[in-house]
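> Let's have the full structure, built from the sequences with the hints guiding it.
Note that the protein sequences, when read in sequence, are chains C, G, S, U and F.
The opening residue of the first sequence carries number 1 in the numbering used here; numbering runs sequentially from there.
The opening residue of the second sequence carries number 1 in the numbering used here; numbering runs sequentially from there.
The opening residue of the third sequence carries number 1 in the numbering used here; numbering runs sequentially from there.
The opening residue of the fourth sequence carries number 1 in the numbering used here; numbering runs sequentially from there.
The opening residue of the fifth sequence carries number 1 in the numbering used here; numbering runs sequentially from there.
Since the list gives no way to pick one copy over another, a pair counts as held whenever it fits inside one copy or between any two copies.
Straight-line Cα separation of at most 25 Å, SDA-like style, residue types lysine to any residue; simulated pairs:
id : residue 1 : residue 2
1  : 23        : 89
2  : 69        : 8
3  : 23        : 86
4  : 33        : 22
5  : 69        : 20
6  : 23        : 87
7  : 33        : 13
8  : 23        : 81
9  : 69        : 81
10 : 69        : 47
Simulated from the structure, these hints should not be mistaken for laboratory data.
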Amino acid sequence: MQIGKVIGTVVATRKDDSLVGSKLMITQPLNFKSEFDGKPLIAVDTVGAGIGELVIFTEGTAARNAAKKYDSSINAAIVGIVDNIDVWED
Amino acid sequence: MQIGKVIGTVVATRKDDSLVGSKLMITQPLNFKSEFDGKPLIAVDTVGAGIGELVIFTEGTAARNAAKKYDSSINAAIVGIVDNIDVWED
Amino acid sequence: MQIGKVIGTVVATRKDDSLVGSKLMITQPLNFKSEFDGKPLIAVDTVGAGIGELVIFTEGTAARNAAKKYDSSINAAIVGIVDNIDVWED
Amino acid sequence: MQIGKVIGTVVATRKDDSLVGSKLMITQPLNFKSEFDGKPLIAVDTVGAGIGELVIFTEGTAARNAAKKYDSSINAAIVGIVDNIDVWED
Amino acid sequence: MQIGKVIGTVVATRKDDSLVGSKLMITQPLNFKSEFDGKPLIAVDTVGAGIGELVIFTEGTAARNAAKKYDSSINAAIVGIVDNIDVWED
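Now the structure itself:
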């Protein structure tokens, strides 16, 4: 899983049936200093995340599992809202 | 999932049976400022996308699910046509 | 899926049983201007591709599906021979 | 699988049910000279790893297998604590 | 699949049960000029590979298939020992 920030939404009327009813959230991966790090992707929300929130996201089969849409075209999902990040470095 | 732009097509007469009947669309991944970002790939179309359209694409098992060809050699599929991208940044 | 060029072969006598009988083709990924782009990989041939041919290759479960070796150690396969690439760019 | 170092933890009260009960460890991939190499990720612990320990981590379905949570949203897991790394180079 | 070189081993007493009995080989990916290319990873050996040998390795479900440990936490495996690499370039 990775840390990300919800930075926007995508609207698509013509889409695969399995995406209907799922909020398509643009999620920007972050490093653990909360800096943008990597390419943003579209993740379906499964925990009620809002714009600007720090989230945990997962990809692949794990994302379909989180969305409880096992045979869907989903391959990224938001699965947690971060309360706290504690990093110890040497 | 990711945002992409359909920039072309590939024709291959000699191909795996499971690709027969699927339109092979060259899809260029974009960032959320709609700039080219990353390597183009071949995705099968599942929503009637045309050249130049802004689309949502998915990869892996999710792509086979979208194409309803679960045992196929497909590993990327177009699953939505973008109406709107709303990005909020700090 | 991606576009690639067959640039060589690998011979391995001691190998996993599931690879026996499959031609191991060194496949160089290309961009859509047919330039080398990315790391070459070993793909099993499923459509009779020859050295120097422009091919379509796929990865992961899709590759095992194409080879009809569902429980094998294959994770890349050539699944088409390119006739034509048409790219429209703005 | 890869070598990593546990450098922190993430706390998320609102999260996917399948993550409940799993320690979310921030794991920094290392190269084999134990230098930081690549993006840190969140892995669930399955072997009792502590902060600062050198670990083996795995990703994808392998991670769900290690956590014995086959239908979960887990896609990275710590699966070993390194005793020794022996590297021979020409 | 990819070409790699076995450059070392990892020892971990405390590890996931499914890794018990598997030799954990540090495998350095190579390009087809046999130069180091990419991040080394830990692959389980399935063909009796030794230190310094040129090998074929695979990742993901393919690796669990090769190791015949389908529900394990393995996600990389050595599946062949290279006899010969023939590369034709224009």
